[in-house]
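Now for the letters of each chain:
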Amino acid sequence: MEGELDEELHSFLEMAAEEKMKEGMSRKDALRAVRLERGNLEVTKEVVRSAGWESFVETCWRDLRFALRTLSKSPGFTGVVVLTLALGIGANTAIFTVVNGVILKPLPYPQPGRLVMLWERQLSGGTLGSVAPANFFDWREQSRSFEKMAAIDPYPDFILTGSGEPRRLVGAAVSSQFFSLLGVRMALGRDFWPEEDRPGYNQVVVLSNPTWSQYFGGSPDIAGKLIRLNNTEYTVVGVLPRDFSLVSRASDFESRNRFDVWTPLALPSPPEPWQRSAHALCVFARLESGASLRQAQADLNQVAANLQRLYPADDKERGITAVPLAQYVVANVRTALFTLMAAVGMVLLIACSNIANLLLTRGVTRQKEIALRIALGASRRRLAQQLLTEGIVLVLFGGLLGFSFARMGVPAILRYLPADLPRASEITVDGRVLTFTLLISLLTGILFGLVPLFQSQRVSAQDSLKQSGRGMAPGQSRLRGALIIGQVATALVLLTGAGLMTKSFWALLGVSPGFQTEHILTARLSLPPRYTNGYKYGMGRHREITAFQRELLERVRNIPSVRSAAFTAYLPLAGVDNSRSFDVEGRPAKPAGVYDVTKYRPVSPGYFETIGIPIERGRGFEAGDVEDRPLVVAVNESMARMFWGAQNPVGQRVRFDNGEWRTIVGVVGDVHYEGLAEKPGPEMYIPYGQVPNVEARPIIVARTLIEPTNLISALRKAVSEVDPSVPMDQIETMKQIVSTSVGQPRFRTAVLFVLAFLAVFVASIGLYGVMSYLISQRTREFGIRVAVGASTGALLRLVLGQAVKLVSIGISLGLVGAMVLAKSIASLLYGITPFDTATFASMSLLLALVAFAASYIPARRAASVDPMVALRYE
Amino acid sequence: MGDKSGDLVQGTLDMLILKTLALEPMHGYGIAVRLEQMSKGVFRLNAGSLFVAFQRLQRDGLIRSEWKATENSRRAKYYALTEQGRKRLNSETREWGRQVAAIARILEAS
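Line by line, the protein sequences give chains A and B. Using the numbering used here, read the first sequence as starting at 6 and increasing by one per residue. Using the numbering used here, read the second sequence as starting at 2 and increasing by one per residue.
Any given hint could turn out to be false.
[To be verified] Straight-line distance between alpha carbons at most 25 Å, and here's what the computed DSS-like set of lysine-lysine pairs gives:
#1 A:Lys27 - B:Lys69
#2 B:Lys41 - A:Lys25
#3 A:Lys722 - A:Lys684
#4 A:Lys373 - B:Lys88
#5 A:Lys25 - B:Lys78
#6 A:Lys78 - A:Lys508
#7 B:Lys78 - A:Lys27
#8 A:Lys50 - B:Lys88
#9 A:Lys27 - B:Lys88
#10 A:Lys25 - B:Lys88
#11 B:Lys78 - A:Lys684
The set of hints was computed from the structure by calculation and includes no laboratory data. Source: prediction; values computed, not measured.
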């Protein structure tokens with residue numbers, strides 16, 4: 006193109022020069038004269054080129070103004086389209102914002118692709134588990150494919166004193182490279198030094214940003230200051246940046262990944278022998294640059310083989326598994342979020358086909374305009390460009406409105422997000438979201454903007470001009486039919502998905518948790534170190550703890566409207582857990598590395614009665630089950646069945662770690678500890694006074710006669726009367742705990758339900774519109790039929806027959822799509838099979854009924870047409 | 002510069018080019034020379050204005066172009082009127098005639 010212009014201009018100048026030379030000029034003079042007369046070659050080229058560009062811009066501008074004028078002439082149409090688009094695009098943007106923040110965005114650390122988590126894996130079962138400190142120590146020593154490896158112990162709590170009333174701070178102990186591994190720079194002060202990661206040198210803390218501002222007034226000279234934690238002086242060395250968050254699965258960190266204070270882990274070197282059997286750490290690692298996950302895993306397998314040989318008692322059956330951090334964190338929510346994304350995409354598709362239908366209808370009236378313009382010589386390309394401009398103007402308005410809907414909607418969604426959704430803090434409307442909105446807007450614009458042209462392609466200019474707007478293009482009703490079939494099918498897919506989720510959610514709510522949920526108040530107490538005698542991991546004394554508990558329980562039971570009260574170390578459904586290996590008396594010893602494992606629950610006397618766990622056999626715990634009395638335990642039904650079968654376990658004896666034998670005195674009902682959807686496993690209850698290691702964070706459980714939250718202040722008062730240095734927090738009713746535990750299924754069910762409703766609503770509007778239109782096209786025909794004696798019923802059947810045909814094709818296709826969806830969400834369902842016949846049938850029926858209603862109204866109108874009116878109708 | 006195309010009434014250049022091409026297909030220089038001759042030297046056109054007009058007319062489908070050899074066996078792009086161009090020329094000529102007559106009447110009336 007450019008070259009052509011060059012050549013053309015060149016030949017122009019040559020010809021002009023030749024003319025001059027004929028008059029006797031020299032070639033050089035001739036060329037100069039031509040330049041003077043006709044202009045410089047380069048300048049000319051520039052002028053011509055820019056004129057071409059200007060005219061393109063001008064055309065666009067003209068199209069834009071034309072589009073605005075056309076659209077503003079039909080405000081009803083424009084309004085409906087823009088609003089439909091805004092809802093569709095807004096919903097998509099909102100859901101995408103969540104998916105983006107949780108899954109798509111890179112982790113908020115430098116070079117996040119190299120971050121992995123390392124877990125111990127039971128070779129037989131394959132489940133991932135926390136890491137024993139001694140194992141971590143050896144992994145770090147022996148592996149070679151990691152630049153850094155660090156561990157976090159998420160359990161230590163601290164009581165902050167010295168500024169107002171005592172506060173519990175959620176703590177984490179980390180090995181020295183933890184922060185540098187993640188690439189975190191302190192906002193203030195410094196990271197831990199490696200020499201502080203040793204026992205005896207670890208009285209240093211890093212504060213989280215909120216802790217720093219909340220308890221220390223955000224003072225800029227905090228670094229180097231001493232603060233009092235657990236009655237010991239700690240030196241503050243640094244403050245984390247405001248935007249730091251530890252990306253994790255909530256369940257790994259006791260439902261709390263927001264740590265207030267961090268201290269060094271300070272493992273002894275070499276670790277103590279018992280540190281190979283207490284599995285409490287989460288291990289993070291950064292791959293050596295260039296090392297692949299596969300290499301790292303091979304490396305770890307070698308390390309594991311080594312440890313299996315060296316420490317058969319603990320590690321014989323243990324492997325190591327490396328999982329990319331990004332993948333690990335969201336593994337449980339991926340399916341659900343992508344399902345919601347697909348669902349909201351389907352709603353947009355339905356909305357698009359509605360708009361396409363509207364455009365088709367409008368296109369009939371515009372057909373003449375388009376045909377006229379083609380006849381007058383407008384090229385199809387120009388027309389396409391102009392129609393496209395119209396489509397793009399529509400979607401840009403729709404997209405803009407949709408984006409603002411999404412911006413308003415995202416905070417609302419954030420409020421209803423499940424509490425244990427990972428990376429929820431990263432959900433923001435950012436540039437990626439904006440790009441996404443723009444992209445889907447343009448895509449939809451192109452998609453339906455071209456529909457009228459597509460349609461005009463089928464009609465020759467003459468045909469269309471001859472017709473007086475009455476007729477319909479032959480392909481048209483087929484196109485409309487296809488759109489309706491698509492809408493019905495898509496709506497059914499969504500409806501079935503929502504039906505399955507809802508049914509599954511009801512099944513989940515219908516699960517009896519095994520305890521009472523009404524009228525139960527719970528709160529966590531944190532006992533200062535003097536109760537535990539500075540205990541750490543080892544054996545401790547419980548006399549002080551049980552004394553405190555006894556005194557507090559007495560006071561609490563005396564509060565009017567408290568029926569009973571008790572303590573437990575772990576509440577069901579609260580995401581906290583502990584398990585231990587045990588032996589049964591009189592049974593042959595297991596081979597090395599093989600254990601029987603049970604969940605382990607320290608509780609106070611009266612716990613079963615208070616929370617409503619039935620005692621099936623024997624007895625519960627009594628005030629006399631204390632430290633220096635015979636050791637007793639209770640087991641749940643699952644444990645009784647699993648280890649004693651039909652035998653009565655009461656009277657049998659068990660022990661932990663070759664300790665003293667403990668007699669089983671009772672069998673109690675199963676409880677859903679892990680989640681309503683999880684099967685109860687074997688559990689063992691131990692009286693608080695007899696636990697083998699100290700539990701310094703008892704949870705008080707009170708059963709009340711009135712609304713439990715009304716008793717919070719009375720409870721707080723009772724605690725401070727017994728010991729004002731004991732902080733109380735995490736105050737929740739059992740109902741709240743149950744409700745939080747089903748947060749994820751509730752969220753996805755609710756969202757899918759809303760989307761399915763939208764889909765059905767939009768699709769039925771579409772069906773109504775198309776039926777009305779098709780009928781209006783045949784009004785004359787109906788008039789004639791009535792005039793020659795057709796009955797109302799016959800007409801109704803004729804019209805409805807058409808609708809029934811489209812809808813049933815749509816439903817058949819929809820059923821196929823629904824099966825595909827059901828299969829992909831099978832892992833999210835509880836208590837029903839994905840191909841639940843009742844759901845498939847009832848949802849198809851529901852959709853069929855809605856579709857029937859949507860087509861019956863216009864059909865009814867058509868059937869009651871007055872033949873005289875119809876025949877004159879034009 | 003000897004550009005006198007500025008003296009042309011806005012929009013008339015296109016009409017004049019169409020008129021020139023109504024007789025036979027011509028290359029750019031030929032069109033320029035013919036316009037000068039027919040106007041007895043009143044319109045001497047700058048290459049820039051000329052080629053911008055060619056592009057505009059071509060885009061609107063009023064003329065089409067083709068590379069051919071000239072009588073001096075030089076390669077040049079020849080422009081020819083399309084059916085649409087012919088129609089446009091007719092309608093514009095008519096319109097022009099009406100406008101000129103109207104303007105003349107107004108000017109003479111005073």
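Evaluated hints:
Among the hinted pairs, Lys27 (chain A) with Lys69 (chain B) is consistent with the structure: their alpha-carbon atoms are about 23 Å apart, no more than 25 Å. Only pairs whose Cα atoms come within 25 Å are accepted, and Lys41 (chain B) paired with Lys25 (chain A) is accepted, the gap being roughly 18 Å. Simply put, Lys722 (chain A) and Lys684 (chain A) have alpha-carbon atoms about 38 Å apart, too far for the 25 Å limit, and the pair is violated. At most 25 Å may separate the alpha-carbon atoms for a hinted pair to count; Lys373 (chain A) and Lys88 (chain B) meet this at roughly 22 Å.
The suggested pairing of Lys25 (chain A) with Lys78 (chain B) holds, with an alpha-carbon distance near 21 Å, which does not exceed 25 Å. Under the criterion of a C-alpha separation no larger than 25 Å, the hint pairing Lys78 (chain A) with Lys508 (chain A) is inconsistent with the structure, at around 48 Å. A threshold of 25 Å between alpha carbons decides the hint, and for Lys78 (chain B) with Lys27 (chain A) the separation of about 23 Å falls inside it, so the pair holds. With a CA separation close to 30 Å, the supplied pair Lys50 (chain A) and Lys88 (chain B) exceeds the 25 Å bound.
For the hint linking Lys27 (chain A) to Lys88 (chain B), the alpha-carbon distance of about 38 Å lies beyond 25 Å, and the restraint is violated. The suggested pairing of Lys25 (chain A) with Lys88 (chain B) is violated, with an alpha-carbon distance near 37 Å, which exceeds 25 Å. Under the criterion of a C-alpha separation no larger than 25 Å, the hint pairing Lys78 (chain B) with Lys684 (chain A) is inconsistent with the structure, at around 85 Å.
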